[in-house]
Amino acid sequence: MLQVGSRIFFSQAHIPGSIYAGPGSQPAGLQLLESSVASSPKDRLIVIYCGCCPWNRCPNVGPAYHRLRDLGFIHAKVLYLANNFGDDWVAKGYPVEEPR
Amino acid sequence: MKIPRRSSLPFRFALYACLLAPATLYPAPHSLLHHPAPTFTRNDLSGKPVDLHAYRGQVVLLNFWATWCGPCRLELPRFAAWQTQYGPQGLQVIAVSMDDDSAPVRALVRQLNLDFPVVMGDQPLGTLYGGVLGLPQTFLIGRDGTIRARLKGEADLDSLKNRVRRLLAEPRP
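Those sequence lines, one after another, are chains A and B. The opening residue of the first sequence carries number 1 in the numbering used here; numbering runs sequentially from there. The opening residue of the second sequence carries number 1001 in the numbering used here; numbering runs sequentially from there.
No lab work stands behind these hints: they were computed from the structure. C-beta atoms are modelled at their ideal positions from N, C-alpha and C, and glycine is treated no differently. Incorrect hints may appear among the rest.
[To be verified] Here are the simulated distance ranges between beta carbons: (1) His1053/B - Ile19/A: 33 to 39 Å; (2) Arg44/A - Arg1165/B: 52 to 58 Å; (3) Arg44/A - Asp1101/B: 29 to 35 Å; (4) Lys92/A - Asp1144/B: 28 to 34 Å; (5) Pro1071/B - Asp43/A: 36 to 42 Å; (6) Pro16/A - Arg1106/B: 30 to 36 Å; (7) Pro1173/B - Gly93/A: 33 to 39 Å; (8) Arg1106/B - Leu71/A: 31 to 37 Å; (9) Ser40/A - Leu1157/B: 42 to 48 Å.
Could you build the full structure based on these sequences and the hints that come with them?
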């Protein structure tokens, strides 16, 4: 599971076990995403999420998802967060990893 | 950009497995309301210290934003106009960028000609404000230093402006 948003968001709270993979809206973020999955088999299930903004305004998940598909990851999925990570995940009591 | 929203069985399994992991308590989103605004000091983009406590007695519009956040970019010019219009009455806008890097922030601040303090945010500051885990977010802080409103997501700017005016009409403590 990969977080493809801002590092500040990730460091505040993220889904346990997820890995920071860089903001999908930026070239450097997509490069980090590519290196994060470089050793993974193409049929591996990969779930990405962001939640920086409402779903239809998020600049990160779309480019990240399409980059994964372009790379051949046929089981790339996006976690649907309607409004943001705070409201749709943390506030609902789902698990988060503590700030470090 | 359209993304397929079908969820396969392995995906559901992975998500459910994650949901069963031990939960961590996190500050309730509204626990800050009507409490003193957490104080902080951060340098603005020119290196000048910005101390929230120094604005006690003023109405502070504390806005968390980022350059890549579309709604944020719509709000900032309005906040700049309010700073000009209501600054003499005691409004102070302070913007906290949640960008990871200051370079795009500096560029946008120059482009929009923002004349209020802009500081770079970080994890401790976000956590201090209950977890800033979605943008934009705006806190209205009254003259007495308490948080009077927390607006998450793109604000109704006309409504927000009325709230600012009501707070400005309150007497100084």
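Evaluated hints:
1. Range check, histidine 1053/B to isoleucine 19/A: Cβ separation about 38 Å, and the 33 to 39 Å hint holds.
2. Between arginine 44/A and arginine 1165/B the beta carbon distance is about 55 Å. The supplied range of 52 to 58 Å therefore holds.
3. For the pair arginine 44/A and aspartate 1101/B, the beta carbons lie near 30 Å from each other, so the given range of 29 to 35 Å is met.
4. Separation of lysine 92/A from aspartate 1144/B is about 33 Å and conforms to the stated range, judged on CB atoms against 28 to 34 Å.
5. A beta carbon spacing of about 37 Å between proline 1071/B and aspartate 43/A agrees with the range 36 to 42 Å that was offered as a hint.
6. The hinted window of 30 to 36 Å between proline 16/A and arginine 1106/B holds, with their beta carbons roughly 35 Å apart.
7. Our hint of 33 to 39 Å for proline 1173/B and glycine 93/A holds, since their Cβ atoms are close to 37 Å apart.
8. For the hinted restraint 31 to 37 Å between arginine 1106/B and leucine 71/A, the CB-CB distance of approximately 33 Å keeps it satisfied.
9. Evaluation of the 42 to 48 Å hint for serine 40/A and leucine 1157/B yields a pass: the beta carbon distance comes to about 44 Å.
Hint check: no violations occur; every hint is consistent with the structure.
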